[in-house]
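Since each chain comes alone in its own frame, lean on the hints to assemble the complex.
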Amino acid sequence: MKATVVVFPGSNCDSDCFNVMKDVMKADVQYVWHKEASLPKCDLVILPGGFSYGDYLRTGAIARFSPVMKAVKDHADQGRLLIGICNGFQILLEAGLLPGAMLRNKTLSFICKHVWLRTDDTNNPFTNKFKKGQTILIPIAHGEGNYTCDDATLKGLQDQNQIVFRYSSEAGKTGEEFNPNGSRDDIAGILNQKRNVLGMMPHPERSSEQVLGGSDGKQIWESLLVSVKS
Amino acid sequence: MMTDEKKITPEIIKAHGITPDEYDRIVKTLSREPNITELGMYSVMWSEHCSYKNTKPVLKTFPTSGPRLLVKAGEENAGIVDIGDGLAICFKIESHNHPSAIEPFQGAATGVGGILRDIFTMGARPVLLLNSLRFGKLESNVTKHLLKGVVSGISHYGNCMGIPTVGGEIYFHECYEGNPLVNVMALGIMPAGKIVKGKATGEGNPVYYVGATTGRDGLGGAAFASRDLTEKSKEDRPAVQVGDPFMEKLLMEACLELPETDAIVGMQDMGAAGLTCATSETAARASMGIEIDIARVPRREEGMTPYETMLSESQERMLIIVKKGKEKIVEDIFKKWDLHAVQIGEVKSGDRMKVYDHGELVADLPAKSLVDEGPIYIREEKRPIYLEEAQKLDLSKVKEPSDFKAVLKKLLSHPTIASKRWVWEQYDHMVRTDTVFYPGHDAGLVRIKGTKKGIAVTTDCNSLYCYLDPFEGGKIAVAEAARNVVCTGAVPLAVTDNLNFGNPMNPEIFWQIRQSANGITEACKALKTPVTGGNVSLYNQNPSGAIFPTPTIGMVGLLEDIDKRVPSHFQNEGDLIFLVGDTQNEIGGTYYLMIEHGLQKGLPPRLDLEVEISLQEFVLEAAREKELVSCHDLSEGGLGVALAESCFGFWKSLGAVVDHLELTVRKNAKEILREDALYFGETQSRVIISVRPSDKESVIKRAQQHGVPIYQIGKVTSDDKLQIGERISGSVSEFKSVYEAVIPARMK
Numbered sequence: 001m002k003a004t005v006v007v008f009p010g011s012n013c014d015s016d017c018f019n020v021m022k023d024v025m026k027a028d029v030q031y032v033w034h035k036e037a038s039l040p041k042c043d044l045v046i047l048p049g050g051f052s053y054g055d056y057l058r059t060g061a062i063a064r065f066s067p068v069m070k071a072v073k074d075h076a077d078q079g080r081l082l083i084g085i086c087n088g089f090q091i092l093l094e095a096g097l098l099p100g101a102m103l104r105n106k107t108l109s110f111i112c113k114h115v116w117l118r119t120d121d122t123n124n125p126f127t128n129k130f131k132k133g134q135t136i137l138i139p140i141a142h143g144e145g146n147y148t149c150d151d152a153t154l155k156g157l158q159d160q161n162q163i164v165f166r167y168s169s170e171a172g173k174t175g176e177e178f179n180p181n182g183s184r185d186d187i188a189g190i191l192n193q194k195r196n197v198l199g200m201m202p203h204p205e206r207s208s209e210q211v212l213g214g215s216d217g218k219q220i221w222e223s224l225l226v227s228v229k230s
Numbered sequence: 231m232m233t234d235e236k237k238i239t240p241e242i243i244k245a246h247g248i249t250p251d252e253y254d255r256i257v258k259t260l261s262r263e264p265n266i267t268e269l270g271m272y273s274v275m276w277s278e279h280c281s282y283k284n285t286k287p288v289l290k291t292f293p294t295s296g297p298r299l300l301v302k303a304g305e306e307n308a309g310i311v312d313i314g315d316g317l318a319i320c321f322k323i324e325s326h327n328h329p330s331a332i333e334p335f336q337g338a339a340t341g342v343g344g345i346l347r348d349i350f351t352m353g354a355r356p357v358l359l360l361n362s363l364r365f366g367k368l369e370s371n372v373t374k375h376l377l378k379g380v381v382s383g384i385s386h387y388g389n390c391m392g393i394p395t396v397g398g399e400i401y402f403h404e405c406y407e408g409n410p411l412v413n414v415m416a417l418g419i420m421p422a423g424k425i426v427k428g429k430a431t432g433e434g435n436p437v438y439y440v441g442a443t444t445g446r447d448g449l450g451g452a453a454f455a456s457r458d459l460t461e462k463s464k465e466d467r468p469a470v471q472v473g474d475p476f477m478e479k480l481l482m483e484a485c486l487e488l489p490e491t492d493a494i495v496g497m498q499d500m501g502a503a504g505l506t507c508a509t510s511e512t513a514a515r516a517s518m519g520i521e522i523d524i525a526r527v528p529r530r531e532e533g534m535t536p537y538e539t540m541l542s543e544s545q546e547r548m549l550i551i552v553k554k555g556k557e558k559i560v561e562d563i564f565k566k567w568d569l570h571a572v573q574i575g576e577v578k579s580g581d582r583m584k585v586y587d588h589g590e591l592v593a594d595l596p597a598k599s600l601v602d603e604g605p606i607y608i609r610e611e612k613r614p615i616y617l618e619e620a621q622k623l624d625l626s627k628v629k630e631p632s633d634f635k636a637v638l639k640k641l642l643s644h645p646t647i648a649s650k651r652w653v654w655e656q657y658d659h660m661v662r663t664d665t666v667f668y669p670g671h672d673a674g675l676v677r678i679k680g681t682k683k684g685i686a687v688t689t690d691c692n693s694l695y696c697y698l699d700p701f702e703g704g705k706i707a708v709a710e711a712a713r714n715v716v717c718t719g720a721v722p723l724a725v726t727d728n729l730n731f732g733n734p735m736n737p738e739i740f741w742q743i744r745q746s747a748n749g750i751t752e753a754c755k756a757l758k759t760p761v762t763g764g765n766v767s768l769y770n771q772n773p774s775g776a777i778f779p780t781p782t783i784g785m786v787g788l789l790e791d792i793d794k795r796v797p798s799h800f801q802n803e804g805d806l807i808f809l810v811g812d813t814q815n816e817i818g819g820t821y822y823l824m825i826e827h828g829l830q831k832g833l834p835p836r837l838d839l840e841v842e843i844s845l846q847e848f849v850l851e852a853a854r855e856k857e858l859v860s861c862h863d864l865s866e867g868g869l870g871v872a873l874a875e876s877c878f879g880f881w882k883s884l885g886a887v888v889d890h891l892e893l894t895v896r897k898n899a900k901e902i903l904r905e906d907a908l909y910f911g912e913t914q915s916r917v918i919i920s921v922r923p924s925d926k927e928s929v930i931k932r933a934q935q936h937g938v939p940i941y942q943i944g945k946v947t948s949d950d951k952l953q954i955g956e957r958i959s960g961s962v963s964e965f966k967s968v969y970e971a972v973i974p975a976r977m978k
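Sequence lines, in order, name chains A and B. 198 is the number that the working numbering gives to position 198 of the first sequence; each next residue is one higher, with no gaps. 461 is the number that the working numbering gives to position 231 of the second sequence; each next residue is one higher, with no gaps.
Bound-form chain B, shown alone (with noise of 0.2 Å):
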């Protein structure tokens, strides 16, 4: 063993982000002291980025099992769900938040490659991405900085990659002030026979490397992103690695031409832990050792110690085991594609992963010790001492405002929940010539061509309702996706989730973890949708404050014909429009009461899942025998905000005259209803469909068949005109004006 330039000292220690009772663990591991290369790589594979040593015990209560799913969560990089015709979906959601905080651009650029490679990888190809981004105020120019940076990382890399980004959401608050999110999914598709193991079988194959050259950049990263973001995390900037999306999309192309050979037993992606992380992980899965030379290892800089090579985080490469014998066939696609592939070592018996660097042994550790038998913490938990005082409204003291029109139009220019076009325009949502619901619709669809089947995929997380209460967010951002994925007409497969909160350490923070998770469980369990994996961001938050808690929910659904799609917009003249579901005084944690009230405070909405799934069951049913011609779910700013975008159509935009809620929603009120809770509460499980006067018989009956409330309400007009009841009158293009320009006026 080579004994090293540097001894180890507590300093050092520390400075890995390796505690005292981890080193003596390691210590006891390896029977020795570590040298800095083992240190090192301990250090980031027991982050919590990669080791979920804070979170595992709560991902455990996941429900993780359904007749579809054909890999688990936690068993390879992703989840994998059949989705018949003999093909399989491939999907994740990653999170890049702490390299976008500090280099925007290549933070979430490399955000959006991690994840495709994350798709690959597992044999299956990318054909859709989503963001789920947060940002401080949109008034601030750290935001605008922020946000023009992020979005054109992620149009930079996917419209490269020629992969679509159809959908996904923003949100603009001052709790993600210096502590924004970036949290990108994809999703790739797979002859359900074919998927690749993150797995190094087969004493003596070789382990190839291939991709891109490694550097220096990127070092650490994953111990990065597993600490605050302080002032001086802009020293941290080397551990942002950049990103080349032309040598991802070769090493794509290279890498989908493996699972047509016969020729590899396992490929893994470097990401985060880089070649560590790639080696350890596979040989750990199989159960197998490993060993290699990094002198082998194509570098881009000069003079990198084993310490560096093996902690580098440079993008666009992977790690494959080749089937011995049939190396060349493998040779041979690099070669095509004008790419690095070069044997770095070999699958051995045992349990060891060995280093070398020019046959010299720089590491020797039992590969498991980095992955599967890192510390498991049980962190204390407290209920937070805010929400005392943060649950607490006295509806009495709220008044209702006397212009609902200018309330309507402060909503729609909110930034959250106005028009994002001038983002989604920049990235290329239609490439690869899938795309049937482009962004703006409550969920993005594709076709499959060769089938009748489309795939509708959301992401959601309304972080302040789980502010005020983590356990209803929790499982309001799951009802809330599974709703949007229905309201096209899908049904809801699965899940992947992005649990995004601040330093676990903190008991009030684990707290609010474990409430979520419970929340998500809950939720998950009822609407029969598995999380097939996801990933953990914590430690987002800076001196002024942790981030609201954002666990978002990425949603898949399945809708078997392309041709019952069911669009968000109001779509003909005549149609009658119909309120799906009851309303009830639930003002608290609303966005109309945040921005008319400036209170962000209360209970938010309560979810009852059985309703949920009741409307759920409806709408699926409608679709399906095609009496829906639009459906549009009620979320931020309630009736009156989903009434508006109902109307804004992505061809044409139609009027609409509300004139029955009277009559109807608030006669048949369970309570006396406020009027700003009928106009701008946030009940869950609702929703506003438009029907076609012919079928308005039959969608009455269904619905009551579902014990679901329905309520007609008005009906689509072809004029210039949004009624709502007796309190908003408008026309539809001052609506769409103010709820258009926001974005782009405030990013000139």
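One chain only, chain A, in its complex shape (with noise of 0.2 Å):
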């Protein structure tokens, strides 16, 4: 698999995502400075978490004008894959490439801590080695991922399947008291429409090893791997 990590001038999550790829997947990967004009070619771009430009007005509300956003819309436009974590995500809605907006959390304080999702969908190239229903454990470490969207965006989200993550209890159950931030459904993660682009709140990248406390992150890489090769 090969592999991009862009780098905006806040990202803070660049390195490990970029280890993640180079130590235990093995992969070959290359970070992209965000002021590059172009990707090289790859299976897989990763907008990594972080305060893109100290996100002092909106979280990614700037970082969507970045040279290199144009180069990563081609990327995603040609069905090639591509992730947002945290705030990757948050410049995914900013730039229009998933729909929705993201509010501060309910707590109106920054949350770091390890949250049970439960995986809704596993018809994707992110979640294909996962079980319906599944429950993983990973951190999530934000300020703003509190999402919400219209009720027609999530009726769309709803009825195409593109919600693949949701804030629950180990047991698979939602619910206000499993929900860190306040999100609209429970959403931790969604599609896109063509099921190439992911945007999730939670660190994958902080739960791919042991030693850290928990792997269970670790199966999206091998998704994408499985879905490279074929």
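Don't take every hint at face value.
To be verified - Using 35 Å as the maximum straight-line C-alpha spacing, the simulated DSBU-like pairs for lysine-lysine come out as follows:
#	chain 1	residue 1	chain 2	residue 2
1	B	Lys966	B	Lys945
2	A	Lys41	A	Lys173
3	A	Lys2	B	Lys679
4	B	Lys553	B	Lys286
5	B	Lys945	B	Lys900
6	B	Lys290	B	Lys755
7	B	Lys966	A	Lys218
8	A	Lys129	B	Lys679
9	A	Lys173	B	Lys966
10	B	Lys679	A	Lys41
11	A	Lys229	A	Lys70
12	A	Lys229	A	Lys26
13	B	Lys635	B	Lys650
14	B	Lys978	A	Lys113
15	A	Lys41	B	Lys566
16	B	Lys683	A	Lys26
What the hints assert, rightly or not - Cβ pair distances, simulated, as ranges:
#	chain 1	residue 1	chain 2	residue 2	range
17	B	Ile615	A	Tyr56	16 to 22 Å
18	B	Gly937	A	Lys113	40 to 46 Å
19	A	Gly133	B	Glu531	57 to 63 Å
20	A	Ala37	B	Asp562	18 to 24 Å
21	B	Gln934	A	Gly133	25 to 31 Å
Since the hints were derived computationally from the structure, they do not count as laboratory data. Every residue, glycine too, gets a C-beta built ideally from N, C-alpha and C.
Here it is, written out as structure tokens:
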């Protein structure tokens, strides 16, 4: 698998994603600086977490104007794989590659902790190794992960099985007490209609090695490996 | 020389915190009266914050050498320790107490920014943060406001920088009412051969200003931090700086590209005393002169005077001494990161520091006179009168409570002992994907990618002990910090200290400083953990009094093999629980005595360094042999709290039945042991370990070989029950719920 990690000036999970690709998945991975106008030909583009441009205005609001974003769009338009994690998800929303927007967490504070997610769709390149309904333990670390969208958009996401991950209990039950940030319909991660772009708030790169407390997130990378090979 | 707008009057001198004697010293150095800019420069550089003029004689007594030290205390911005495999670590603790008292969010945020610059200015990539925080009682609305502000400030800055906050401590005590302490520690990793010095060497080398623009914020912050806090301190709000972590992130990335080039000779951050400190220190360290023209300094405000420009403490700025002819390399790096990089001067021969404004000389003085030749005071010391009464404790009058379970719950729900989850879940403690032990462990633990190594870190200080006996308290702060590191399996390497005290002009306060430092020195020598640097914060007092002496110790340890790490919590049902170390009737200065009996009295526990060393050697050896499933230090709240905490695992809770206390610990005690001392006493040099049944014999034998008392007191269970001796029995979940609930409930 050939992967590219895009580096915005305030990215701070760029090296975490790079290391997972290189050390854990043994993939061929490289960084691309946000000022570049083109991307190397690759199977997967990762928009990593962080605080691109400081995010003083609105998360991801300035990053979408980076020169590299045009190339990222082209990459996605060609049907190749794109994942945005945390701030990367926020950038995908701002750039219109995924529908909806982010609000501040319902607690109004930054939250960093492990949460349970239920996998509600496995018919896509990111979760094909999961069982439908499978729950995974994975960390979140964000101040604005309260996903929102209008009713029509939500219905579209639901009807077309674009909601991949929902916050839940370990047993897969959803509800307010299991939703850390107040996101609509417990959404933790969604696909675009073409199902080649995934945005998710939780950090799979932080749960890909047992020494860090768990490796549930690794299944996402393993699913991608399957998708790329087939 | 530009003659100044302002005539120097005795009032102006006084307003700068300069004494008449100090002023005479300036006049003698210059052979003339200083102008206002020069006076301002001396006032900040000779403040306690920058010069340690009151504490240098004390700091000198710290042991500062060791075989692993690559840079010693005081030589550079932070100490550097060799950890093998061609790697070195660089770490330091620093306070931002005064700014946080006035403006908690920005005060704490810029504290994080400042300590991170101290690390990356040496060429090390910061990989972790810790913080040691002290507030008044959590019941008070002021405390809630400060706690909320400080935690959001740290969270805002550290999270955005992408550096995990992996541990620390928080105490709530009335002595910090109005005088919170915010001590922040950072640690970075670098190739051992790539240390960047803060030196302006090489005549003719250009001096560059990089990073954020200069404004009027933080004007005279170092001098502000060297005064008592009063009602009027709020008027000093402009002395609190405003932080921009995004700018600092860019600055860090750009600065860390520099050591990869061959283009620089030195780098220094602009922290306290801003441009004045960075230019004079780099020149003084190199025994060179330096000239700058402040007209070239990028500004964010119009009409700033030379005085304001030289004293500004605007954040996220650095000074870089570039090799002549390699300017373009440096400029290109900063251009890539969209940052200012402007040549403002050059290194000169001689010893003068000359400051120009549009070519006009506005300050001309020997660089070393600001840095090395400030006044040093040997302050008067006097044993405080309060000790006479405070150290008295008649144990026969301390009645043992009837309900020990209720006492344990009370201890677990005291905010100082209770879970700090509400705090550390606001810190990104996992970014960089190296955090192996999260907050809530005895020490934070991060791995170093590409090696088997791990770094364990903690901060510790029980200031109640220090109040009752500063010498013993200083000793215990070091020993406990080392013990916490040892509990993870890591070998303690070195110490950074943050000495927080009241006004040193008060002989009783100065006695506390001296005694604490003596205790630290004794323990550091015995444990072979030299002091690599740190910070002094004095004048932590307001009209209602001084804080308890708080010499916070940051301890760093090295774990050679991350697979041999030892967690703090019980892991498996059926494992045997041992108490290691003897217990004595030590109730003086304990949390039990304070919380249950309302007494902050008596002599705190005594620490025998020989006993401590044997304990630590035993734990380290057993950890290396993989015999320890868990290991947890006993501290505030003694055995009862430590056992409960051991059950509250990070991933899952387990139970414990501790039914051998009478037969083992009490039977073997050297004196008739009071029950409250057994359950809640704070005798030092003790840990709880859990061990697989198959390792029982070898662990006991190993302890005996080290001369360490070891008692099998119970075992780990899988049910929701915690039973301690005959006096405490309850469900783990009920203890855990009080432990977890108190801070979130109060902060609602």
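Against the structure, the hints come out as follows:
1. Proposed proximity of B/Lys966 and B/Lys945 is supported: the alpha carbons are some 19 Å apart, at most 35 Å.
2. A C-alpha spacing of about 41 Å is found between A/Lys41 and A/Lys173, which places the hinted pair above 35 Å, so the restraint is violated.
3. Straight-line distance between C-alpha atoms of A/Lys2 and B/Lys679 comes to about 22 Å, which keeps the hinted pair within the 35 Å bound.
4. Restraint check for B/Lys553 and B/Lys286: satisfied, since their Cα atoms lie roughly 34 Å apart, inside the 35 Å limit.
5. For the suggested pair B/Lys945 and B/Lys900, the alpha carbons sit about 25 Å apart, so the restraint of at most 35 Å is met.
6. The straight-line distance between the Cα atoms of B/Lys290 and B/Lys755 is roughly 14 Å, inside the 35 Å bound, and the hint therefore holds.
7. Of the supplied pair hints, the one linking B/Lys966 and A/Lys218 holds, its CA atoms being roughly 32 Å apart against a limit of 35 Å.
8. For the suggested pair A/Lys129 and B/Lys679, the alpha carbons sit about 28 Å apart, so the restraint of at most 35 Å is met.
9. Among the hinted pairs, A/Lys173 with B/Lys966 is consistent with the structure: their alpha-carbon atoms are about 24 Å apart, no more than 35 Å.
10. Of the pairs offered as hints, the one joining B/Lys679 and A/Lys41 holds, with about 28 Å between alpha carbons and a cut-off of 35 Å not exceeded.
11. Straight-line distance between C-alpha atoms of A/Lys229 and A/Lys70 comes to about 26 Å, which keeps the hinted pair within the 35 Å bound.
12. For the suggested pair A/Lys229 and A/Lys26, the alpha carbons sit about 14 Å apart, so the restraint of at most 35 Å is met.
13. About 22 Å separates the Cα atoms of B/Lys635 and B/Lys650, which keeps this hinted pair within 35 Å; it holds.
14. Taken as a hint, the B/Lys978 and A/Lys113 pair is honoured in the structure, with Cα atoms around 19 Å apart against an allowance of 35 Å.
15. Using a Cα cut-off of 35 Å, the hinted pair A/Lys41 and B/Lys566 holds, with the two alpha carbons roughly 24 Å apart.
16. With a C-alpha separation of about 22 Å, the suggested pairing of B/Lys683 with A/Lys26 holds against the 35 Å cut-off.
17. One distance hint, 16 to 22 Å for the beta-carbon pair B/Ile615 and A/Tyr56, is violated here, with the actual separation near 53 Å.
18. Checking the proposed 40 to 46 Å range against B/Gly937 and A/Lys113 shows it holds: the Cβ atoms sit about 43 Å from each other.
19. Between A/Gly133 and B/Glu531, the C-beta spacing of about 59 Å keeps the proposed range 57 to 63 Å intact.
20. Checking the proposed 18 to 24 Å range against A/Ala37 and B/Asp562 shows it holds: the Cβ atoms sit about 19 Å from each other.
21. At about 54 Å, the beta-carbon gap between B/Gln934 and A/Gly133 misses the expected band of 25 to 31 Å.
Violated hints for the displayed structure, listed by number in ascending order: 2, 17, 21.
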